[in-house]
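Full structure from sequences and hints, please.
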Amino acid sequence: MKFPTKSLEEWIEFLDSQGALIRNDREVELRNEVSSIAKKTNQTQGPAVLHNYIHGYPGWRVFHDGLSSRERIAWAFGRPKENFLPNIIAHLQKSKPIKPTVLRTGPCKEVKITGDDIDLTYMPIPFTGELEGPPFITAGISNIKDPDTGWQNTGIRRFQLKGKRKINNLILPFQHEAMIFGKYIQKKQPAPLAIVLGADPIYYLASQIPAPAQVDEMDMWGAVVGEPLEVVRCETSEILVPARAEIILEGEMDPVAREFEGSFPEFSGYYSVFRYAPVVHIKTITMRKRAIYYYMYNGAPVSEGLTIGSMMNEMELYRQLKEAVPEVVDVALLSNWGGMTVVSIGKAAKKKSPGLGKRIAFAIKTLKASPFVKHIVIVDDDIDVRDPYQVLWSFCTRFQAAKDITVIPGSPGNFLDPSEFWLGLGPGFTSYTIFECTEKLPPYDIGYRRGLARPAADVWERIMGEWTVNGFRKEGAK
Amino acid sequence: MKDIELMKGPKSEPQKLMERILANREWLDQNIKELIAQYKVGEWIAISGQKVVAQGESAEEVKKALGGVLGEALIICVPDKDIPLPF
Numbered sequence: 001m002k003f004p005t006k007s008l009e010e011w012i013e014f015l016d017s018q019g020a021l022i023r024n025d026r027e028v029e030l031r032n033e034v035s036s037i038a039k040k041t042n043q044t045q046g047p048a049v050l051h052n053y054i055h056g057y058p059g060w061r062v063f064h065d066g067l068s069s070r071e072r073i074a075w076a077f078g079r080p081k082e083n084f085l086p087n088i089i090a091h092l093q094k095s096k097p098i099k100p101t102v103l104r105t106g107p108c109k110e111v112k113i114t115g116d117d118i119d120l121t122y123m124p125i126p127f128t129g130e131l132e133g134p135p136f137i138t139a140g141i142s143n144i145k146d147p148d149t150g151w152q153n154t155g156i157r158r159f160q161l162k163g164k165r166k167i168n169n170l171i172l173p174f175q176h177e178a179m180i181f182g183k184y185i186q187k188k189q190p191a192p193l194a195i196v197l198g199a200d201p202i203y204y205l206a207s208q209i210p211a212p213a214q215v216d217e218m219d220m221w222g223a224v225v226g227e228p229l230e231v232v233r234c235e236t237s238e239i240l241v242p243a244r245a246e247i248i249l250e251g252e253m254d255p256v257a258r259e260f261e262g263s264f265p266e267f268s269g270y271y272s273v274f275r276y277a278p279v280v281h282i283k284t285i286t287m288r289k290r291a292i293y294y295y296m297y298n299g300a301p302v303s304e305g306l307t308i309g310s311m312m313n314e315m316e317l318y319r320q321l322k323e324a325v326p327e328v329v330d331v332a333l334l335s336n337w338g339g340m341t342v343v344s345i346g347k348a349a350k351k352k353s354p355g356l357g358k359r360i361a362f363a364i365k366t367l368k369a370s371p372f373v374k375h376i377v378i379v380d381d382d383i384d385v386r387d388p389y390q391v392l393w394s395f396c397t398r399f400q401a402a403k404d405i406t407v408i409p410g411s412p413g414n415f416l417d418p419s420e421f422w423l424g425l426g427p428g429f430t431s432y433t434i435f436e437c438t439e440k441l442p443p444y445d446i447g448y449r450r451g452l453a454r455p456a457a458d459v460w461e462r463i464m465g466e467w468t469v470n471g472f473r474k475e476g477a478k
Numbered sequence: 001m002k003d004i005e006l007m008k009g010p011k012s013e014p015q016k017l018m019e020r021i022l023a024n025r026e027w028l029d030q031n032i033k034e035l036i037a038q039y040k041v042g043e044w045i046a047i048s049g050q051k052v053v054a055q056g057e058s059a060e061e062v063k064k065a066l067g068g069v070l071g072e073a074l075i076i077c078v079p080d081k082d083i084p085l086p087f
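For the record, the sequence lines run as chains A and B. With my numbering, the residue at position 460 of the first sequence is 460, and numbering never jumps. With my numbering, the residue at position 74 of the second sequence is 74, and numbering never jumps.
In short, the hints are calculated from the structure, not lab data. Check before you lean on any hint, since a few could be wrong.
Unchecked claim - Think about it this way: if two alpha-carbon atoms lie no more than 30 Å apart in a straight line, the pair counts; the simulated DSBU-like pairs of lysine-lysine are:
#, chain 1, residue 1, chain 2, residue 2
1, A, 322, A, 283
2, B, 33, A, 39
3, B, 11, A, 352
4, B, 11, A, 109
5, B, 16, A, 109
6, A, 166, B, 63
7, A, 40, B, 64
8, A, 187, B, 40
9, B, 51, A, 164
10, A, 96, A, 6
11, A, 283, A, 183
12, A, 289, A, 166
13, B, 51, B, 40
14, B, 51, A, 166
15, A, 40, B, 63
16, B, 63, A, 283
17, B, 64, A, 39
18, B, 16, A, 283
19, A, 322, A, 350
20, A, 283, B, 8
21, A, 322, B, 40
22, B, 81, A, 183
23, A, 166, B, 8
24, A, 109, A, 94
25, B, 8, A, 112
This is the structure we're talking about:
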């Protein structure tokens with residue numbers, strides 16, 4: 001395993017070496033074609049794709065789905081896929097954030113474009129939804145500096161193209177970026193912003209680690225890797241960006257101007273409502289000569305953005321929930337930012353602690369990491385919480401709606417959930433539903449006493465230890 | 001591979017199309033209040049050449065009126081006048 005990969009190009013080479021990349025030499029259209037390929041790639045957990053020819057955009061290449069599977073995210077972190085959550089949490093708990101090293105220059109400054117020469121219509125920005133117009137930059141990492149403390153916040157945002165030198169940046173009130181931008185509004189000053197398009201995978205993942213306020217996500221890159229991230233200073237501000245990034249859009253966010261933003265293919269699968277969003281005027285672009293444009297498919301699950309967000313959110317939810325209820329074995333956000341959250345518990349612990357499922361369900365709603373949990377499914381620990389087939393099997397064989405369902409209306413939910421009538425600005429409300437899909441305790445366990453029908457455990461373990469994707473046994477196994 | 005300047009040079013048809021989409025979007029942004037007053041909430045309209053060129057009860061109906069090709073046209077569902085201002 002190559003760890004860390006320090007640029008998008010290195011990451012693409014690594015994926016290729018693992019058989020996890022398709023280099024597409026057939027010309028593709030930005031409208032509907034790239035997004036169709038990305039949608040199917042996500043649905044099938046297929047390889048990442050590098051499109052070498054984009055119709056009407058000579059020389060450009062478009063890359064997507066570098067992080068659209070758990071396995072690839074584990075690779076990016078340099079960790080095994082098995083027991084990933086406890087493993088990466090333990091690693092981060094013993095690691096310290098490391099400040100980046102500032103270089104004088106880097107590959108991201110091979111080309112500099114300023115003033116009237118800036119024209120974003122040269123850039124191959126794919127349309128995700130048919131009715132999206134103009135399209136959105138979906139894999140842009142926004143960087144903003146706190147004007148008082150120098151704290152640099154980093155996070156993946158969506159940016160709608162609105163002009164040759166103008167984009168909209170939808171900021172939501174609960175985001176750290178909003179907290180910082182609020183200070184610029186109070187000072188009546190434009191907020192310098194740097195948007196990184198295409199970088200190493202750890203930079204993308206670190207940007208999604210729910211770091212507390214005043215902690216730079218770039219320092220978390222150092223915590224993951226054990227060495228500092230190499231960065232360069234922007235041309236027009238003090239913002240730091242990865243030296244090996246593909247493209248940097250430097251701009252200023254107007255403290256007053258707002259524009260009509262949308263419609264965007266939300267993770268719910270539906271188009272967003274129109275909202276007013278801040279306006280970013282692009283002042284400078286720096287980039288590699290042969291820059292690769294990074295695109296993330298959005299919309300109904302499965303999508304790359306959702307996979308990254310869910311997995312990073314899952315990490316924090318697991319850590320917090322395990323602290324509150326140690327009997328928790330595993331946690332998975334199966335869909336839509338926790339819309340369907342599955343938690344497993346040990347059978348022995350359940351016997352010792354009747355009502356454990358409810359305890360978990362109530363505890364989870366008090367955690368900072370779980371505002372969007374809508375349906376919580378409690379399963380036994382013989383269920384792989386990430387396997388929808390196993391979860392559905394448990395739902396069919398260990399759940400009776402008359403006894404095992406609890407609905408709590410008016411609970412905190414996700415304001416982007418289209419099944420809620422109210423699409424307001426606050427946290428949103430939902431019917432929080434608890435599905436207890438576990439084997440029942442005595443005396444109600446008659447149906448389970450005969451036991452599960454399956455091969456002998458020792459033989460199963462041995463066979464699984466030798467299992468490969470393409471054959472029954474690993475090479476060299478006897 | 002020959003060095004190509006990615007961000008300059010003569011524009012291709014898709015790049016020119018993007019410019020026209022942006023012009024239509026700018027017109028939409030500038031005229032949204034008038035459009036909300038003129039059309040029903042939930043009605044679908046198409047904007048092309050910086051004017052409304054089709055309207056209907058669904059996106060499919062409006063797309064059909066455009067001959068099945070979007071081109072530079074924007075198809076939008078007319079929003080309520082209370083457009084959220086999250087920030």
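For each hint, the structure was consulted:
no.	hint	result
1	A:322 <-> A:283	violated (46 Å)
2	B:33 <-> A:39	violated (35 Å)
3	B:11 <-> A:352	violated (71 Å)
4	B:11 <-> A:109	holds (24 Å)
5	B:16 <-> A:109	holds (27 Å)
6	A:166 <-> B:63	holds (28 Å)
7	A:40 <-> B:64	holds (26 Å)
8	A:187 <-> B:40	violated (40 Å)
9	B:51 <-> A:164	holds (21 Å)
10	A:96 <-> A:6	holds (19 Å)
11	A:283 <-> A:183	holds (21 Å)
12	A:289 <-> A:166	holds (22 Å)
13	B:51 <-> B:40	holds (17 Å)
14	B:51 <-> A:166	holds (22 Å)
15	A:40 <-> B:63	holds (25 Å)
16	B:63 <-> A:283	violated (37 Å)
17	B:64 <-> A:39	holds (25 Å)
18	B:16 <-> A:283	holds (22 Å)
19	A:322 <-> A:350	holds (15 Å)
20	A:283 <-> B:8	holds (16 Å)
21	A:322 <-> B:40	violated (51 Å)
22	B:81 <-> A:183	holds (29 Å)
23	A:166 <-> B:8	holds (17 Å)
24	A:109 <-> A:94	violated (35 Å)
25	B:8 <-> A:112	holds (12 Å)
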